[in-house]
Every structure is written in structure tokens, then in C-alpha cells.
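**Student:** In terms of this note's numbering, the sequence shown is numbered consecutively and its last residue is 143.
What the hints contain is simulated information worked out from the structure, not anything from laboratory work.
What you are looking at is a predicted structure, and each value in this text was computed from that prediction instead of being measured.
Warning: the hint list may mix true and false statements.
Unchecked claim - DEER-style ranges, computed between Cβ atoms:
#1 T61 <-> I118: 44 to 54 Å
#2 E113 <-> Q87: 47 to 57 Å
#3 T61 <-> R126: 26 to 36 Å
#4 L112 <-> A141: 36 to 46 Å
#5 E143 <-> D75: 13 to 23 Å
#6 L139 <-> D80: 16 to 26 Å
#7 T92 <-> L121: 41 to 51 Å
#8 A72 <-> L135: 37 to 47 Å
Just so it is clear, CB atoms sit at the ideal spot from N, CA and C, and this is done for glycine as well.
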Amino acid sequence: MDQQEWIPAEVFCTHHHIELSLVQAIGDYGLVDISLSEGQVLISTDGLADLERVLRLYGDLGINLEGIEAISFLLERVRSLQHEVRILKARLKAYE
């Protein structure tokens, strides 16, 4: 494996009282980086916060995975546009 650290999905699922199949489905949608190693499902530690956010949207608000995928895409787009605005503001200040 690469430099990322991974934790067994079973440990995460036990701690959060969820089924392993849900984590696998979330990974299949590309919402979280998961990997298979020696028959064990692993979750990237870099994606734990994203996985917990997805679980809150799914469990607390009842949003399905397709909806969460759309929300994630739009949030990433907003972040990208905010970054672009910051860059443009900095360039504009150079002309003031």
C-alpha cells in the first residue's frame, strides 16, 4: 500500500453500530476511499471525517446515497469557486 494509513472497516462499523455493507456501498459511490487487502475492507484514515459526515446525512436526515453524492459534488464545487474568488480578489488588490 502507499503512504496512506488504513483502518479495518469492521472496527469502524462496530464503533458506529452500522453494517459493513453500508460502508462498502458508500465506497462504491466514491464518497469515501476504501480498499480491499487480504479479504479485509479497509478505510483510509484521510476519509474518516467524510465517512462520518455521510453517515450523519444518511442516518440523521434520511438522505439516500444518490442524494449524498449530489450534495458532495455541489459542496466540492462551492469550495472550488470560493478558492477561485480568493485568488481573483488577491489579483484585483494588486491593481488597486
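**Student:** Where does the structure disagree with the numbered hints, that is, which hint numbers, in rising order?
**Tutor:** 1, 2, 5, 6, 7
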